[in-house]
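Student: Quick note on the numbering used here: the sequence shown kicks off at 1 and runs consecutively.
Among the hints, a few may not be true.
[What the hints assert, rightly or not] Label-pair restraints from in silico Cβ distances:
1) Arg147 x Phe52: 43 to 53 Å
2) Gly157 x Arg88: 32 to 42 Å
3) Leu113 x Arg88: 12 to 22 Å
4) Leu156 x Ser59: 38 to 48 Å
5) Asp58 x Phe111: 22 to 32 Å
6) Ala32 x Ile119: 16 to 26 Å
7) Val122 x Gly157: 16 to 26 Å
8) Ile45 x Asp106: 27 to 37 Å
These are calculated hints, taken from the structure and not from any lab test.
Don't be surprised by glycine CBs; every beta carbon is placed ideally from N, CA and C.
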Amino acid sequence: MGIKGLSFMPALLLGCDITIRMCGFVRKINKAELSVACFVFVISIVFLTQSFTYEYQDSVGPGPGYFPVWLSGILLVLSIIYILHCFRNKEVQSDEEPEKVLPQGDALKSFILCIGSMILFVVLFEYVGFVIAGTVFLYILLFKAYRWYVSLGVSLGVSLLLFYLFGTLLGVDLPGIG
1 MGIKGLSFMP ALLLGCDITI RMCGFVRKIN KAELSVACFV FVISIVFLTQ SFTYEYQDSV
61 GPGPGYFPVW LSGILLVLSI IYILHCFRNK EVQSDEEPEK VLPQGDALKS FILCIGSMIL
121 FVVLFEYVGF VIAGTVFLYI LLFKAYRWYV SLGVSLGVSL LLFYLFGTLL GVDLPGIG
């Protein structure tokens with residue numbers, strides 16, 4: 001499938017092979033890498049525009065917008081470099097199947113578990129506070145590798161330690177319990 005202009009976006013979404021013909025060269029692009037690079041590019045632009053709504057500099061130094069502006073700006077630059085890397089780097093072998101790029105089996109289960117636990121943390125955080133949401137989040141991530149009581153102890157200990165550090169050293173009030 002040849003590509004002209006911006007018509008490669010439907011190819012990314014539909015899962016078609018991406019072949020670019022330019023100046024007599026034919027290059028196949030790894031569509032998974034390019035999809036991730038484009039996604040990170042869009043997300044970094046959204047975060048960069050949102051970070052400009054915060055004050056960049058305060059009376060005593062950097063304001064609440066300082067870190068988000070720099071972080072999203074660096075992410076934007078890195079995503080552009082990654083997009084260029086996708087077009088300039090190695091060709092995808094014709095015998096390489098798209099299924100081999102995506103996680104399968106236990107790796108897929110671990111990926112879904114990690115994403116699900118992050119979503120659960122965000123949902124629980126508002127209702128039960130940082131300590132309980134953080135404990136549940138870490139327990140879900142650790143329960144397969146350690147015994148239940150070790151996972152629970154480490155999860156609760158790390159959550160309480162982070163709650164204390166943020167509250168005492170950094171002066172950031174996190175919702176404790178409920």
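Student: Which of the numbered hints are not met once you compare them with the structure shown?
Tutor: 2, 3 and 5
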